[in-house]
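Chains as they are written, first to last, in the numbering used here: chain A, 4 to 123; chain B, 209 to 355.
Hints were generated in silico from the structure; no laboratory data involved.
As the structure is a computational prediction, the values presented were derived from the model and not from experiment.
The beta-carbon is built from N, C-alpha and C at its ideal position, and this holds for glycine as well.
It cannot be assumed that every hint is accurate.
[Said to hold, decoys possible] What follows is a list of derived Cβ distance ranges for each label pair:
#1 A:90 x B:344: 41 to 51 Å
#2 A:59 x B:320: 54 to 64 Å
#3 B:278 x A:52: 41 to 51 Å
[Said to hold, decoys possible] Per the computed footprint, the stretches of chain A lying under chain B, defined by three or more beta-carbons under 8 Å from a beta-carbon of chain B, are:
#4 11-18
#5 89-99
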Amino acid sequence: MRNTYLRLLQLVTGALIAVLLGIHIVIMHVDAILGFFGVDAAKPTSWGAMIERASQGIWAGLYIALLVFVLYHAFNGLRNIILELTPSVKTGRIVTWVIIAFGIIAFIGGTYVPVALLVS
Amino acid sequence: MKQIRPRQNYLGAGGWVWAGKYKLERYLYLLHRITGLGILLFLLIHLCITTIFRIQGQDVWEATIALLRNPWFRFGEYLVVIAFIYHGLNGLRLILQELGFALGRPTPPIYPYKDSLRKKRPWTITMLAVIAILAAVVLFDFIVGGW
């Protein structure tokens, strides 16, 4: 039953990532085409543009939400692949806990900087 | 008494690159897995750049961005965008089919049989065409934006 919920969450986070990461990629990487349609993305990777986005709560919230969904989706996907290769229950349990630990470290590291930039 | 064994369809490690007697959808599944692992690798690098390098200030950030302007990194970036487009659209197809959409109406089993894979294949081909168009659009952007 637990795996059913993990699987369902994989589908839900997948759909949410498609939307949020779609926004992220269009703004960060399709700036030439955005310019053609009259939207000025103004060098999205420049320090000024990055700091301006980082100082707005909505962007910080969007990035942190995206980070949570992506980390779950990616690490749960990785866990599924590894568990397919390791039939032992004990090994599977170790893999699960190592992946959870990695996910928490990545979440703390990935959240600290946007929050620090937002409050500075 | 003769024991009936289940059909052997386990492809083992070779199944990561070779689909055996399975069709197009199996290769889409393999590519889904490979693109997923590729995106995960990129995610870890991306997280390092946007945390460790970004927090060190403007000079380090601009030096990092200048390094990433290298054509090889730009090409890698393009591959990541294409991988995301593929993984996202194929994932959407998998979600819809898992929830029972786009499976077609049930039909009586009259020869020549039409299994569910073949019934939904037009949708799959359409999805691949959309991916190809988006890949071309993003390639155009990368070229216009300075490879």
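Against the structure, the hints come out as follows:
{"no.": "1", "hint": "A:90 x B:344: 41 to 51 Å", "in the structure": "holds (43 Å)"}
{"no.": "2", "hint": "A:59 x B:320: 54 to 64 Å", "in the structure": "holds (59 Å)"}
{"no.": "3", "hint": "B:278 x A:52: 41 to 51 Å", "in the structure": "violated (21 Å)"}
{"no.": "4", "hint": "11-18", "in the structure": "holds (count 3)"}
{"no.": "5", "hint": "89-99", "in the structure": "violated (count 0)"}
Hint compliance for this structure: hints 3, 5 are not met, and every other hint is.
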